[in-house]
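So you can see what is in the structure, the chains are spelled out below.
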Amino acid sequence: MSDASAHALEHHEPVTSTGIPNKKVLMWAFLGSDCMFFGTLISTHLIYRKISATVGGNFLDIRDVFDIELTSFSTFILLASSLFMALAVSAIHKGNLKSTRWMLLGTIVFGAIFLACQVYEFTHFVHAPGNELTLSTYRGEPHVFGSTFYVLTGTHGTHVAIGVFWLLGWLAYSFTGKMSTAHALDVEICGLYWHFVDIVWIIIFPVVYLMEYAL
Amino acid sequence: MATESIKYLSPDTENKAKTQVFPRPGQHTTGLIDWLTTIDHKKIGLMYGLTALFFLIVGGIEALLIRSQLWDHNMTVLTNREYNQMFTMHGTTMVFLVIMPLSAAFFNFVMPLQIGARDVAFPRMNTLSLWCFIVGGLVLNLSWFFTGGSPAIGWFGYAPLTDTRFAEVIGDMGPDFWIFSLQILGVASLLASFNFITTIINMRAPGMTMMRLPVFTWMTLIVSFLIILAFPAITIALVELMFDRTYGTNFFDFLEGGKPHLWQHLFWIFGHPEVYILILPAMGIVSEVIPVFSRKPLFGYGLIVFSGAIIGFMGFAVWSHHMFTTGMGVVATSAFAMLTMLIAIPTGVKIFNWIGTMWGGRIRFDTPMLFALGFITMFMIGGFTGIMHSSVPIDAQHQDSYFVVAHFHYVLIGGALFGLYCGFYFWLPKMSGRLMNEKLGKFVFTLMFIGFNLTFFPMHYLGMIGQPRRTHTYNEGHGFEMWNQAATIGAFILGVGIVIGIYQFVNSFFNKKLKPAGKNPWDARTLEWTLSSPVKEYNFSRTPIIKARDQAWENNYGSKENHSEKEPLDDHGVHMPDRSWWPLVTALGLFGLCLGMLFHRNIDPSGELVRNYTVAIAGGAVMVFGIIMWALEGPGGYHLFPKEEEE
Amino acid sequence: MTPIFRKFISIPHFIIGIFLILAGSCSRIDHKQSALDPKGLVSQNQYDVFMLSVWITIFLFCAVGGCLLYVLWRYRAKTAEEAKEVPPQSHGNSMVETGLIIASSIILVILAVPTLQGIVLLNRVPDANDTESLEKLGLDRSQIDGAITVNVTGKRFFWVFEYPQFGIVTANELVFPASKAVRINLRTEDVIHSFWVPKLAGKMDLMPGQENFMWFIADQSKIIGDADAATAMPSVHDGEMRAKVFAKQKFTDEFEPVGGLFYGQCAEYCGNSHAYMSFRALAQTDEDFDKWVKRFQNAQNPNLATKSYDPQSSYEKGSLVSFADPKLGSGSNREYRSIRQIAPGQSPQLNPGAWEKAHSDDYEIGKQLFASLQCVQCHAVNRTGLGAKGPNLTLYGLRTSLAAGWMRNDEESLSKWLKNSNDIKYGNLMWNGEGVDDRHPLRNLENDDEKVDQLIAYLLGQS
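Chains as they are written, first to last, in my numbering: chain A, 417 to 631; chain B, 35 to 681; chain C, 124 to 586.
Hint data in this document are derived by calculation from the structure and do not stem from the laboratory. Ideal Cβ placement from N, Cα and C applies to all residues, glycine included. Check each hint, because a few of them may be wrong.
Just a few of them, taken from the derived set where beta-carbon distance is under 8 Å, the chain B residues facing chain C [claimed, not checked]: (1) Thr110; (2) Asn114; (3) Phe156; (4) Thr359; (5) Gly361; (6) Trp393; (7) Ala430; (8) Asn541; (9) Phe544; (10) Asn545; (11) Tyr647; (12) Ala650; (13) Ile651.
Put together the whole structure using the sequences plus the hints.
Quick look at the structure:
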């Protein structure tokens, strides 16, 4: 039986030419591609920020809408979640199931807080009295800022949400009793994704939010 | 199958097999279920190829309708809207549903065999890619049956023509279908590319170093990288366009702050690498065929690989040459003109090296070689007119005239399609196990070559005397008639040639009278020719240990130390994975999601817009369910113990 | 094997031969929209660079293709045995490869230099003070100083030409002086269009939300050859151009182009009737152009509108007045022209011998119909009409073409057009625009020959 399971493992993770597991190469390739997705969105936002800088003849001062304290807080939360993620990966490598669960839970909770902040932010912006920023208007006048802003940050939010559900999947799986160090690689790949989403936010936050305050 | 086999269950799945309502179809699955659930890269390749050939006929019929309409001035075969739909669908079909999937068919079938792998890295993902491609093609062609008919926006979909504000039919759904189908096709291409990249990087047989990879595999790798880096641009552009059309954002609405210019940039940042995505696989095929029929190794292998990579890299830096007439200013225009001229150099290098390969060889003129030579000459003409277009003053006259139509058909038919036909004539004996009729093959080549040149060579002249592109008719008195008639006759000859070719390909799978191919009918050079034809489902009974670049040739003619060896067979034999339903379920869920999104808007009796996401959510749920079941399915599989001679 | 080889060898020869024969048989390249027959400075430059690239590529094609043919012939496997031989397995020659790369780079430089010069030329009008480059281009300072500006606006599916220097607006036929530079500012109000007159210049797109620029200058000597300028370029302002164009339409071997008439076309796909979005550019001598501008300015000058008859005034011979004519309907006015000097108090009705009707009855009724059928909502004619939605129809009777350069502007085509424009130009805004439905009077002209004839009399009477 032990022989058989050894074979099973061998089939599960075959020897590769580079020594890097297939799944990891796949995730890196995906992240490379995802860079281009966000690159396109961020450049769209920046280009429009430059060429459509006014609304109704006045400079569009988006600081009237933004709530930088809240966004800074949620940024911090997302960064912190990366720490939990890293700890979760390390825990499962060591085979510490209990610690893995807690760390996964921490990541999920912090990710969820970030998402909640974003949902709050979006509804708040759309209904901000006198400063309504919707998908197609700002203060009731047609503008493109809402379009680029919501689609960019919304795409990032979708990434976070997918990550949260993925982690939830692992958390649920950890209660089936089948989770072992054999799954360390899978969790690690999930972590790669999570860190990437985090890094993207580290770019979005200064480019979309902080830059408005530097002007 | 004469092999012994035992059912293999990993400890993980032992319990699940009993409780699963929907077991993973196993070794002895046959018939329709086998094709629906297969994860074998060879079968997926065949289905990719067959579907693409079907769409080639669809796109070809569209092309022939276009040509019939242009037979004479003021013809009424098609109305102007129908004509505009035809050229939109023709372009979209040929690029996304014919040339790309035909290349993918060869990537799937040939690449794992060339690197000594038993399958791609993620077989089920490969299946999902196939089904996404089929769903995408279906969505695009469903557009014929709904409001407004097919899109009439051109394959490039320039904003703001795609904006609902400028729709020429009230509630036109064509562009929506176009957007969603391109998104799904994008998913298909991305999944396949991630898979191929992982496979080539990670699953090479021992000794198969990167610089021993066959050129076709190299081109697969480069094209896959181009796809994963270029498709995001159009995906985001399409997302933005979808938001514009569905939720009223202003990305491309110039009356509300958007810039139609941005669409062009995003489209061509994708669109120019896409040109190389279409042509590099054909170059890879030709780089395999010419050495075989010259009986010499490729001249300057390193340079050919390197120039392929350079072309791919520079392909991202020249997109604006599609926009020379949009008013980008002197500096940007000059820079992109110079970069575009530079990209001609690595392309020229390839042509020199192919001739260098033939130099001093023993050249045989079998059908694949004829297509390869046709490729070189026709691609050369297309390349030369490409250099002309890199010169802005010339482009100012040629842009959007028939000269450009001639140019890119020389590249995409004379180049890509000839290359792919070359691949069919070359590798089909490996797929079907039978040799095709040489005489008929040469007849197909002759028809295609004459028809193609008769169609597209006069278009250079038509463009120069002022016939604009994308016009459904022309006025009398311009002197366009004669050459358009020549082109139309040529198009029908080309069409007949293509159809006979397709007949021949399909026939070779069913006609038992054809001669068996044997392992290596062409005396070819690369690893796949060491296997039996058709290839067994496990590809290699024992993993080969590679000693040289052209391993099959070295085994036959090389010195002893260059002969490949084989890894010892494990006592548990060859582990084959089971088939799976979940890729198909996931793709169907995606199909439902798209249909739900397409039809989620209704106008209620009071004239209010009502959004109903039920179908979309249901489709999404099926998709997520498919993915979850997929994840929980476990490896499964069975073992085969092939005998040595059954490779 | 050998016969098939012969076949292959002969196919390209055969095809090239056929093309040479056919190309020889249609040696005329001065088609209406031919870029091979440049008649302007910019298009000549584009043509020159093109021909340079043609010779370069023919040279390359012959060199590489010849090399290929030689290799195929020299190294073909002549027998079945030879096809099984193993030739030396050489892997490449870095000297040869480097040499070829360098050679191809040099060839590209030959094309790159005129390309860069051409980019500057087509984007910038030469500086009038830069005598050196003017001399190089063969231009005179006055040609640049006297440049006219035209604001081009593209709409689905026609063109608006506005001359800001002269304060006039016309549509679909661009009249310009042959000896002067013409600056073109391009705008669009809907989708992307592209302005292309192959014989004068290349094309430039009309991008929404952005103003693009191009310019051209005709080469008068190329248009008129040795002939006298005034006769070789028929004048527009007196209808001579229209008459000359009507005499010749088809491109045949006997086709003799009308001097100064250039055909243009929208070159960016813009919707259903993109193919029909053409236009014409008409070159004039300076004198004829001035006369045309004058006529247009007068026609569009609101201060020069025909005044009502004033019993206190005396009138010169040929004066126009408007005066009530009950025959046209109550409250309707008609224009009268004096045939001699008129003393005060002699109204057209009192003295029919001194006045004549300026226009036919059909014309006058047509004029009323033009208003009552709501044509004026979109079309401006001379001083009347609000419209900027449709083409401006001032001095419409001088136009050579109808429906954005698609048809000959005569009674027959105009009648077809008025009866059912959607049949001719599917999707046009006159038939399909905002507020036009089946109840609109325009859509009910189909069986009303009388009204159509009256409208035609009015429209073509604008000359």
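Taking each numbered hint in turn, which are not upheld by the structure, reported in ascending numerical order? Numbers 1, 3, 8, 9, 10, 11, 12, 13 - these are the hints that the structure violates, sorted from lowest upward.
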